[in-house]
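One-letter residues, chain by chain:
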Amino acid sequence: MLQLVIFYIFATIAVVSAILLITRRNAVHSAMFLAATLLSVAGVFLSLRAEFLAGVQVIVYVGGILVLFVFVIMLVPTDRVMFERRYNRQGRIALITAAVLVGELVYAVIQGRDAFVFPEEALEPAVEGNSQWVGTVLYQNYLLPFEIASILLLVAIIGAVVLSKKSKPGGENAVEE
Amino acid sequence: MVSLEHYLILSVVLFTIGVIGVLSRRNILIILMSIELMMNAVNINLIAFSSQLQDVIGQVFAVFVIVVAAAEAAVGLGIVIAMFSNKETVNVGEIDLMKW
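In order, the protein sequence lines correspond to chains Y and W. Just so you know, we're using our numbering here: the first sequence kicks off at 1 and counts up by one. Just so you know, we're using our numbering here: the second sequence kicks off at 1 and counts up by one.
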C-alpha cells in the first residue's frame with residue numbers, strides 16, 4: 001500500500017512537470033521542470049529497487065546533461081523567443097499522432113497484461129547489492145558494448161567541440177553568406 | 001503492490017508527452033529536452049521489466065541508454081550553438097536550407 005502511494009506521488013510529479021516542460025514559454029523554466037521530472041523518475045527507479053540506476057540518473061542527467069542545457073540556454077540569448085509563438089502550425093497533427101500512439105500502447109499493455117505475470121520464486125536477487133550486480137554483468141558479459149559506448153562518447157566529445165567551434169572567416173570551414 | 005502495468009502506463013504517458021513536445025514546439029532547446037524525456041520513459045520500461053524478472057540485463061541496457069542520451073545531448077547542444085552563431089535563432093522553422 002505504501003509502495004503504491006509512493007509510486008503515485010512520484011508518477012504524478014513526473015507527469016505534471018513533463019506537461020509543464022513542453023508548455024512553458026521560457027526555456028529556463030522548462031529546464032527546471034525537466035529536473036523535477038528526472039528526479040521523480042529517479043524516485044521511481046528507487047521504488048523498483050534499482051539503486052544504482054537511480055544514482056546514475058541523478059548524477060548524469062540532473063548533474064550533467066541538465067547543467068549542459070542550462071549552460072547553453074544562458075549562452076544563447078532567447079529574448080526574442082519570449083515574444084514569438086510557442087507552437088508550430090502542426091499542433092493538431094501532433095495531438096492526433098499522440099492520441100493514436102497512446103491508444104495503441106495502452107491497448108497493447110491492457111491486452112498483454114496476462115503475459116506480465118512472472119513466477120514468484122524468482123523475486124530474490126542473485127547477488128547482494130544492486131551496484132555490484134550491475135557491475136558484474138556489465139563487465140563480464142557486456143564488455144564489448146561498454147567499450148563501444150566509450151568510443152561513442154569520444155566521438156560525441158569531438159563532434160561537440162567541432163560543431164561549437166567558431167569558424168574563421170575565410171577558413172576552409174567558413175560558412176558562405 | 002505496484003503492478004508492472006503501472007510502470008508501463010507511466011512510461012507510455014511520459015513518452016507521449018515527449019512526442020507532443022518534439023512535434024509541436026518551435027524552440028530547439030525544448031525539443032532536445034523532450035527527446036531526453038522520451039529516453040527516460042524507455043528507461044522506466046527497461047528497469048520495470050528488469051526488476052520484475054530479477055534479471056539485471058535491463059538495468060545494464062538502461063546504462064547504455066543513458067550513455068546515448070548524454071552523447072546526443074552533447075552533440076545536439078553543439079548543433080544549437082552552431083545554429084545560433086550562423087542564423088541567430090533557436091527556432092527550428094527558420095532552419096530550412098535543406099528543405100525544398
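Accuracy of the hints is not assured; some may be wrong.
To give a feel for the contact side, a few chain W residues facing chain Y, derived at Cβ under 10 Å [to be verified]: (1) 6; (2) 7; (3) 8; (4) 11; (5) 13; (6) 24; (7) 61; (8) 74; (9) 81; (10) 95; (11) 96; (12) 98; (13) 100.
Reference listing, derived: stretches of chain Y covered by chain W, where coverage requires no fewer than 3 residues with Cβ under 8 Å from a Cβ of chain W [as the list claims (entries may be wrong)]: (14) 7–19; (15) 144–155.
Computed list of lysine-lysine pairs in DSS-like fashion (alpha-carbon distance at most 30 Å, straight line) [as the list claims (entries may be wrong)]: (16) 87/W with 165/Y; (17) 87/W with 99/W; (18) 166/Y with 99/W; (19) 165/Y with 99/W; (20) 87/W with 166/Y.
Simulated from the structure, these hints should not be mistaken for laboratory data. Glycine included, each C-beta is placed from N, C-alpha and C at the ideal position.
Looking back at the hints listed earlier, which ones does the structure fail to meet?
10, 11, 12, 13
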